[in-house]
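S.K.: Read off the chains here:
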Amino acid sequence: MVQESFDVERIRKDFPVLSRELPGGRPLVYLDSGNSSQKPVQVIDAMRDHLSLHYSNVGRAHHALGAESTEAYEAARDKVAAFVGAPAREEIIFTKNASEAINLVAYAFGNPLNTDPRFRVGPGDEIVVTEMEHHSNIVPWQFATQRTGATLRWFGVTDEGRLNLDDLDELINERTKIVAVAHQSNVLGTVNPIAAIVARARQVGALVLVDASQSVPHKPVNVAELGADFVAFTGHKMVGPSGIGVLWGRAELLDAMPPFLGGGEMIEAVWMDHSTFAPIPHKFEAGTPPIVEAVGLAAAVDYLTEVGMPAIQDWEHHLTGYALAALSEIPELRLIGPRDLDSRGGTISFTLRNRAGDPIHPHDVGQILDDVFGVAVRVGHHCARPLHLRFGIPATTRASLYLYNTTDELDALVRGLHHVQKVFG
Amino acid sequence: MVQESFDVERIRKDFPVLSRELPGGRPLVYLDSGNSSQKPVQVIDAMRDHLSLHYSNVGRAHHALGAESTEAYEAARDKVAAFVGAPAREEIIFTKNASEAINLVAYAFGNPLNTDPRFRVGPGDEIVVTEMEHHSNIVPWQFATQRTGATLRWFGVTDEGRLNLDDLDELINERTKIVAVAHQSNVLGTVNPIAAIVARARQVGALVLVDASQSVPHKPVNVAELGADFVAFTGHKMVGPSGIGVLWGRAELLDAMPPFLGGGEMIEAVWMDHSTFAPIPHKFEAGTPPIVEAVGLAAAVDYLTEVGMPAIQDWEHHLTGYALAALSEIPELRLIGPRDLDSRGGTISFTLRNRAGDPIHPHDVGQILDDVFGVAVRVGHHCARPLHLRFGIPATTRASLYLYNTTDELDALVRGLHHVQKVFG
Amino acid sequence: MIAESMYQELILEHYKHPQGRGLREPYDAEVHHVNPTCGDEITMRVKVDDGKVADVSYDGQGCSISQAAASVLHELAAGTTVEESLAVVDEFTRLLQGRGQVEPDEDVLGDAVAFAGVAKFPARVKCALLAWMAYKDAVVRSTR
Amino acid sequence: MIAESMYQELILEHYKHPQGRGLREPYDAEVHHVNPTCGDEITMRVKVDDGKVADVSYDGQGCSISQAAASVLHELAAGTTVEESLAVVDEFTRLLQGRGQVEPDEDVLGDAVAFAGVAKFPARVKCALLAWMAYKDAVVRSTR
Ligand SMILES: Cc1ncc(COP(=O)(O)O)c(C=O)c1O
Ligand SMILES: Cc1ncc(COP(=O)(O)O)c(C=O)c1O
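Protein chains in written order, with the working numbering: chain U, 40 to 464; chain B, 40 to 464; chain H, 21 to 164; chain E, 21 to 164.
Chain U on its own, in the form it takes in the complex (with noise of 0.2 Å):
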């Protein structure tokens, strides 16, 4: 079995934070990589070198250190474009987060500079999301069809977890312009089925973006073979710094969009009166770029490809089984998403009740797992608080896995599940 090959003390030495002791003499438990991921000193190191003997501006800079940093910058484009399959490393726009990658294509609907059909949006058009997305796959769509008159829909989620997709054929037609989907669910775990959605999309001529934050950290991610149109994700829960995010687009739409932030850099000429513009990548890319976070983020994908995606699925593929299992054990638990392992990463939420019956609110939850037992989780609604009101409640417990967890550290979140019970019991 592959995870037994896996090193993860090797991994966990890598991540200084790891080995940190919290105030009171806790060991910490990180178990909150969904919400964002702990970085290995590949990856601080390579900033602060950058940030001690290589930085400037890139791009307009004309002398060493701005061929330095530029080659350091548009390399990180390189790599990430390696990393996800982009056909052209064109195709690749650094962002400061996924939300503005988003944001981004969603501003393209309807945007009075756009000339494109595609992007053309009004009464009577529609744009599908899901009922589980993030908030930041939902409300760039609302603000889209509130600029445009044009009308959100969205596919529900079963009692299990996973997309409704009955209505798949009814949901996505003729009035379509853009089917915003995540690739997997920061709440549920479970992984969507991309291809039915774009084989739909592309019967009536919607484009697709996929929200792959919580995908493309995990395991390996062609952006060819997805097939979708944009797909975004996020530096910093990929092992990278806070502070940039990627768009990747097919070049032809990238093309054909109306730019987005106006300023330095995203120019071809500029004349008081009107402008041209640079082609991609640089249209999208207004201002200075998030320079040393381009540097990190190139160290956090070689630092992933090193350890290898493969790899790295399979871990957590072990580690959200065990944890499974773990957690069915305690009867008083309510798991929020798939029980299987199939089409699921490793992302679990959950409600807890007394031994009594009683509800414990997540908030109780998630600080007494680290009052007492350092085992930081994440409570609340995720960012996907639509999600929550279709389960009819207001909040979750999540436990989110990455590469340098392990089976022990579940273990700690089991026992500290127990405490919690007899705390407020």
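To be clear, the hints were calculated from the coordinates, so they are not data collected in a lab.
Watch out, some of these pointers could steer you wrong.
[Claimed, not checked] Among chain U residues calculated to face chain B with C-beta under 10 Å, some are:
no. : residue
1   : G64
2   : R65
3   : A103
4   : A137
5   : F182
6   : H420
7   : R424
8   : R429
9   : I432
[Unchecked claim] Straight-line Cα separation of at most 20 Å, PhoX-like style, residue types lysine-lysine; simulated pairs:
no. : chain 1 : residue 1 : chain 2 : residue 2
10  : U       : K118      : E       : K140
11  : E       : K156      : E       : K146
12  : H       : K140      : B       : K118
13  : E       : K72       : B       : K461
14  : E       : K146      : E       : K67
15  : H       : K67       : H       : K156
16  : H       : K156      : H       : K72
17  : H       : K146      : H       : K156
18  : E       : K156      : E       : K72
19  : U       : K118      : U       : K258
20  : H       : K156      : U       : K461
21  : B       : K118      : B       : K258
All C-beta atoms in this analysis are idealised placements derived from N, C-alpha and C, irrespective of residue type, glycine included.
Given chain U's structure and the hints, the job is docking chains B, H and E with the ligands onto it.
M.R.: Relative to chain U, chains B, H and E with the ligands alone:
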């Protein structure tokens, strides 16, 4: 004189890159801080320390690391607020750079989601900029006028490189919605008379945005005293990291504006068909913010405060006087910008001819300075093409100074220029 | 560990044995506040007699912090003057919004000092404040 | 230092003594290209006879790199076949767009190898390519 007590050698030791040797044994003479500044070890270490031991996502996390990271992120807001004299901390919005900050404001105008009359724009309305603006303070307003049918107008520039205010009362009139103007030109060095512009804007009820990207790093700036409605600046030019910019705005206006980017953390509650929004500053900070970048920016602000902004201003004043005098000895050098030190910062742009009077292209000037002397200047139009068109030149060479520069470095620049004249003689 | 903890004994005590819980009559004003980000809810009634808080009664659902905060509020406010109680609310708000940097005035806050640890968790601050903001709102309405 | 430099002697030589500069007749096609980011301009004429490049004539203004690149182009293209010259253009383009990572084929490039150092400066790549792109454009038009 203040500059004699300014220990520039001690300061230089804080910036690792300044001790670096470039390939070929060249020392580094970094005169490109107007493009982006170098970083002191205090900033680099603060970022490394945060990434190594305290990192997690902010706001939404309920665990120890989440608390530490949130505390650091929000403390950065406090520090930035104090640094520029913001009346309230909520008025500081972290963006990815100054360009995003300006776009955020520009996208409020004529936004279909807007409900406030001050941001309602249509044909007949006017937006006013100046001919000396950076592209980042032109293009967003071109977009705004193109979206809304409003008219873009602008202040001209005198031969000496000052704003031509002769038309003040005509240019800013009852039809004006907003005036967007640089505090200090990134080409000319000119410091603009914001008070006069604000006074006129107040008479007619127009808003004022000040692009302070080139002033906040170099002298004490107090947004309350400045009197504008919005002030934008950027971390990487003020010894902070890339990936973070700042928008300051009057709370009352920020409250009234429609949201810009949609996503996690900027919401109050989300349903599938609509959302409500968080109060400022979060309303404008969609998605995971630049966390470690805010930590770096806080360290930058601490660093600048420790050295003292008045001392920095004095030192740069001293250097600028020295540079202007030295450059005036080269008869074939034409300064683009004010010759006198009044209302002028340490940004010095010029064109150069050889002894025979043939123009030497700035690209060649910059490259020889770099290749032979390790002198890093910027060449081109510095993202201010309309200003160059105004002066009838495609490009200039620009030396831009900062607290770590010395008169020796300015001597190196002058020596380098003599050599350039020889090479292209 | 408990010293480091946000969960002071006192908070758990109030959560498990809430003081003054339940909606009572008579009352001058009733308000209903919701924290949309986490679904916590509270209904609060206030009875004011002659500048004195005659009764604070409430019902709601939410995490232990929000429930305990309502209970502590009841203890501190009921029986004092409106003015005194609003001073406590102000000090409590200052403490909670201080991001862990504010030195609380124990004389004013009494038991409510136990919530100092909450101030470091911005996501929990709203939980602690829910009942207190509802109270302030109700008092304003009842004296109008 | 000159070894590290982008300014190979050869580039400066071509800049100071440009080969084949000036617009000549007869020609099959004339194009005018501009680099809007820095204002460099070139007008280029091509005369093709029987698949052979009979003349490449040009005039323009800009930095030494863009001027020298036009001169080197003239030397390499004039007298060769259209096909050969386009192969050189392709290799030159590959070198320049390679961000300093491409090993140039000296056999194909000849003197144009001197521009290898330019590839590391994205802002200068367009200067070096201006004349070459104009040439490609002109050739395509002249053989149409
Ligand atoms: C005057 C001025 N405004 C705006 C900007 C844009 O800043 P940023 O690149 O951080 O968006 C710059 C610098 O590039 C500038 O000099
Ligand atoms: C599924 C999903 N989409 C989008 C986002 C937003 O990413 P960011 O916060 O980097 O913008 C997240 C994480 O927060 C996520 O989990």
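S.K.: Which hint numbers does the structure go against, in order from smallest to largest?
M.R.: Violated: hints 1, 9, 13, 14, 20.
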